[in-house]
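Quick one: dock chain against chain with the hints and give me the complex.
For reference, the chains in residue letters:
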Amino acid sequence: MAIIKTNNLTKSYNHKKVVNEISLEVNEKEIYGFLGRNGAGKSTFINMITGIILPTSGSFELLGEANVNLVKKRIGVLPDYSTFYDSMSAIDHLKFYSNIQGLRPSKNYLMETLEVVGLTGNEKQKVGKFSFGMKKKLGIAQAIINKPELLFLDEPTSGVDAESAIQIKQLIKKLNSEGRTIFMTSHNLNEVEEICSRIAIMSNGEIRSQGTLQEIKSNHTNSLLVKVRVQEVIKDHVEKEISSFLEANFGKFHWESNYLTVEIENESEIPVILRTLMQRKVDVFEVNVIEPSLEEVFLEKKVAI
Amino acid sequence: MWAISLQELKGLTKGIRSIIITLFITGISLLFAYLAQENGELVGGVSKESAYTGGLSVGVIFFGILFVFILSHDAISKESQNRTMRFLVTKTSRRNILLGKAIGITLFWAIVVLLSVSVISLIAKMFFIKTFLQCIVFLFYGIAISMLVSTLSKKGSQSLFIGLLVSLVLPVASFATIFWDNLLIQWIKYLTPYYYMDLSVGYLSIVVVLSLLIFGTSTILFEKRDL
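If you're matching them up, the sequences are chains A and B in order.
Taking our numbering, the leading residue of the first sequence gets 718, the next gets one more, and so forth.
Taking our numbering, the leading residue of the second sequence gets 42, the next gets one more, and so forth.
Misleading hints may appear alongside valid ones.
[What the hints assert, rightly or not] If you want the footprint, here are the derived chain A segments under chain B, 3+ residues with CB under 8 Å:
#, region
1, 765-776
2, 812-826
[Stated by the list, open to error] Keeping only pairs whose Cα atoms sit at most 25 Å apart, straight-line, the calculated DSS-like set for lysine-lysine is:
#, chain 1, residue 1, chain 2, residue 2
3, A, K841, B, K55
4, B, K51, A, K733
5, A, K852, B, K265
6, B, K265, B, K195
7, B, K55, A, K790
8, B, K51, B, K196
9, A, K864, A, K890
10, A, K843, B, K119
11, B, K196, B, K265
12, A, K824, B, K51
13, B, K265, A, K843
14, B, K55, A, K812
15, B, K265, B, K171
16, B, K51, A, K843
17, A, K733, B, K55
18, A, K890, A, K722
19, B, K265, A, K722
20, A, K812, B, K265
21, A, K846, B, K55
22, B, K119, A, K846
23, B, K265, A, K734
24, B, K265, A, K841
25, A, K891, A, K824
26, A, K812, B, K51
27, B, K196, A, K846
[Unchecked claim] If you anchor each label on the Cβ, the simulated ranges turn out as follows:
#, chain 1, residue 1, chain 2, residue 2, range
28, B, G56, A, A783, 56 to 64 Å
29, B, N123, A, N786, 19 to 27 Å
30, A, K746, B, L156, 51 to 59 Å
31, B, S246, A, S875, 29 to 37 Å
32, A, K746, B, L174, 52 to 60 Å
33, B, G56, A, N825, 30 to 38 Å
34, B, N123, A, N755, 16 to 24 Å
35, B, L206, A, N725, 39 to 47 Å
36, A, M828, B, S91, 53 to 61 Å
The hints are simulated quantities; they were obtained by calculation from the structure and are not laboratory data.
All C-beta atoms, glycine included, are put in the ideal place defined by N, C-alpha and C.
Chain B on its own, in the form it takes in the complex (with noise of 0.2 Å):
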């Protein structure tokens, strides 16, 4: 599984598109923290947190699903299509395929979600474990839908397509739910993380329940999948 962790790891931090997208969420959080700390008046209002950390959060908030996918939306599939996966499923379980490549994809957002803090930490003069942690479980719930989609996928450009059509959408609906009272429309915020992200820490802990739920549906679906 650890081989696995790794391989993917390895692989991410490699490709163009890891460098731009880690270049873009450091980048953005830099700029943030940097008018937060030349523009110290700015900040009465909110919190100096939030002052220094929002480009952190607009980033992984907006982008980081999209980015996610951008990244690991074939991380099963793409191995099922070239049929490298036939090999690995001869030396381990299936289950131990998918949570090697989750753990993978998760240990480099955390490597990127570090960067940025660590960055941000660097000018502000403090460490910021809130944004750090929120942004983690936000990305750990983008991993695990990415998972699933790639796990019922049987192509690259399926898993793309699904992808891109998901982090759009999963956003938009969430964010829809501010403005409508319907019941029907309501329920949406309490399955994404965007809700959870203004609440307490404590509340972070459900984003995680729904992440392992999610994670538990791709492991099943792929233990039922022929390759």
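Pulled out of the complex, with its shape left as it was, chain A reads as follows (with noise of 0.2 Å):
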């Protein structure tokens, strides 16, 4: 069942597109990830179906509701460039996110849930206080209050320190592991790569990719690299013979030390290469398959991050 469904979703500014004709489906309990420079409408998207900001055209539904207001009280959402109100604690801010919702939580969850984003100890303190990387997890904590179905993290990671990163993205994949679907905006390939079950690359308000990692990998890119370590010594005839026949059969390959790699087009032809090899009588000790990575995609398509 698809969560989140856009169609031709368009936002302009003075006549220009910052998101143009967006369509496209979040399915249940996935990460989707929102992957782009900044700039490239991430933000906007995810401002247009969450009610900050109103669409120019188009149409999209959350939890298979037109109305975003109908299904406010089963997300949550961490909004790009929003603050807190600087004279109240962070427990004051979540009970009263909570109250606006109808919510009458204990001070026992509303303690627990500060301890999920690693704000323990730091409830009483006035927000105006906090760092930036505080605000964030409180931030964090005000999405997840009302324990959504739906969560909407935009760029949950940035800004903060590398431990405070870690753990943000350890949250979202138990919270996801919890049976919560989950849209997220980054400008950090690694992140994307390490926690979103699908992807959409956006540029200039328009997403270009969309898949799996390995469907975006493939679709942008048909190389992989297969790396073998091989025995220490090899006499240089046999060694002759191996590279004429890469070099007639794959065309890109390189010799290192006691590792050989080779660019191939698909994992068939692995077993040609280590054929070759044992053939000639040469023993193989490890085989390593690389695949491109999302950088290496980004790069190939020059959607600069």
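Here it is, written out as structure tokens:
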């Protein structure tokens, strides 16, 4: 079932399309990552489907409802560029946001939520004195306070220290394992690669590519690298024979110390390489298949992050 | 919605401006009531209620809208400017946010007026329900205008400037209708609350309807705005 469904969703400012006719579907229990550089239109898209800004044209549905007001109790949102009330404490914020939705959480539950995001001990501190990272954590806490079915996280780890970023990523995975669908944006390739089950690459308000990590990679590059560790010493004529065969059949390869690296089109070519080595009595100790990283896909598509 | 109302009410009661304004309105009410009590012979010609509640009425009618703007011009604009609105709008509907704010502000003014009327009542030994209703309805109109200005403004400074302008223009334009018979000016009095304050209590319902129409306009505009 599609938890998020958008149809030609567009946002224009002064006749310039910041988000251009985006249609996508996010399925239940997915972690869907929106990847793109700053200004690509990621936040504008998330702001439209969470009711912060209004679409210029197109439509969307969240949890099967076209009216976002009807599902606000079932979603959680961490918007980008948002602030808290400086004079209120962290726990007062969570209480206030819960009360707005008609919830009456116990103090224990509020404390547990703060603990989940790593803000234990800061519950009574005024948010005005919080660091950027702490505010980001509180932002996540307010987004999950209502135990949402669908969670929107706009740049959840940007601007936070490495340790906090790891904690946040672990939390996102945990929330997803509990059955929540997560839609997140990021300009961090590694982060998206690490936690998202499906990805859309966005540039200039348009989706350039979307699918699973595998699909995106295979759409943009056909090559895999096979790195084989062989015996220390190979006779010269044997090495020449192998090189000639590889040159004739694969094209790109190189020897480095006792490693042979060959660029292949698909996995079915791996046994051919191994047979070639074994037929010439070359011992094989290790075989690694290296897929292109998302970063390499980006470089190939020239979608700079 | 009620959480937002409570938050707004709490915010209003904490500020120094609120305390000064409350003291001013209560003080002027107390002064007039005291003078009416001490100079009974001067009361002749005017009703007992008017004599005792004169201070409160003057305070509210001349300064009410100005005071409402001073305290609440940024109820929406400040939240939009600071982007605290972004969290609110993901939790509840924009209509609920506006309604919650309006209820909170109205409750605050109801408390201020009730305090003043109670002080007067203690001196006069009677409760002036008509004055209480008139003041509340008049201020309700001011709150509606204030919400409209706050919704239309993108910054707190902008809503303050427009608010101060409106709170000066509204009474001047309304009182101008007393002196000019020009039809182009006369219709203004029907759209502002001043004219209805002198009429019977039933006419206050027109002010309530006008205020609700202004609230409705604010809601429509707020729902069409990017935050």
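Hints versus structure:
no.: 1; hint: 765-776; in the structure: holds (count 5)
no.: 2; hint: 812-826; in the structure: holds (count 5)
no.: 3; hint: K841(A) with K55(B); in the structure: holds (19 Å)
no.: 4; hint: K51(B) with K733(A); in the structure: violated (42 Å)
no.: 5; hint: K852(A) with K265(B); in the structure: violated (29 Å)
no.: 6; hint: K265(B) with K195(B); in the structure: holds (14 Å)
no.: 7; hint: K55(B) with K790(A); in the structure: violated (30 Å)
no.: 8; hint: K51(B) with K196(B); in the structure: holds (22 Å)
no.: 9; hint: K864(A) with K890(A); in the structure: holds (15 Å)
no.: 10; hint: K843(A) with K119(B); in the structure: holds (19 Å)
no.: 11; hint: K196(B) with K265(B); in the structure: holds (17 Å)
no.: 12; hint: K824(A) with K51(B); in the structure: holds (21 Å)
no.: 13; hint: K265(B) with K843(A); in the structure: violated (33 Å)
no.: 14; hint: K55(B) with K812(A); in the structure: holds (19 Å)
no.: 15; hint: K265(B) with K171(B); in the structure: violated (38 Å)
no.: 16; hint: K51(B) with K843(A); in the structure: holds (17 Å)
no.: 17; hint: K733(A) with K55(B); in the structure: violated (44 Å)
no.: 18; hint: K890(A) with K722(A); in the structure: holds (22 Å)
no.: 19; hint: K265(B) with K722(A); in the structure: holds (22 Å)
no.: 20; hint: K812(A) with K265(B); in the structure: violated (29 Å)
no.: 21; hint: K846(A) with K55(B); in the structure: holds (20 Å)
no.: 22; hint: K119(B) with K846(A); in the structure: holds (20 Å)
no.: 23; hint: K265(B) with K734(A); in the structure: holds (19 Å)
no.: 24; hint: K265(B) with K841(A); in the structure: violated (37 Å)
no.: 25; hint: K891(A) with K824(A); in the structure: holds (23 Å)
no.: 26; hint: K812(A) with K51(B); in the structure: holds (15 Å)
no.: 27; hint: K196(B) with K846(A); in the structure: holds (24 Å)
no.: 28; hint: G56(B) with A783(A): 56 to 64 Å; in the structure: violated (41 Å)
no.: 29; hint: N123(B) with N786(A): 19 to 27 Å; in the structure: holds (23 Å)
no.: 30; hint: K746(A) with L156(B): 51 to 59 Å; in the structure: holds (55 Å)
no.: 31; hint: S246(B) with S875(A): 29 to 37 Å; in the structure: violated (54 Å)
no.: 32; hint: K746(A) with L174(B): 52 to 60 Å; in the structure: holds (56 Å)
no.: 33; hint: G56(B) with N825(A): 30 to 38 Å; in the structure: holds (33 Å)
no.: 34; hint: N123(B) with N755(A): 16 to 24 Å; in the structure: holds (22 Å)
no.: 35; hint: L206(B) with N725(A): 39 to 47 Å; in the structure: holds (43 Å)
no.: 36; hint: M828(A) with S91(B): 53 to 61 Å; in the structure: holds (57 Å)
Checked against the numbered hints given earlier, the structure breaks hints 4, 5, 7, 13, 15, 17, 20, 24, 28, 31 and satisfies all the rest.
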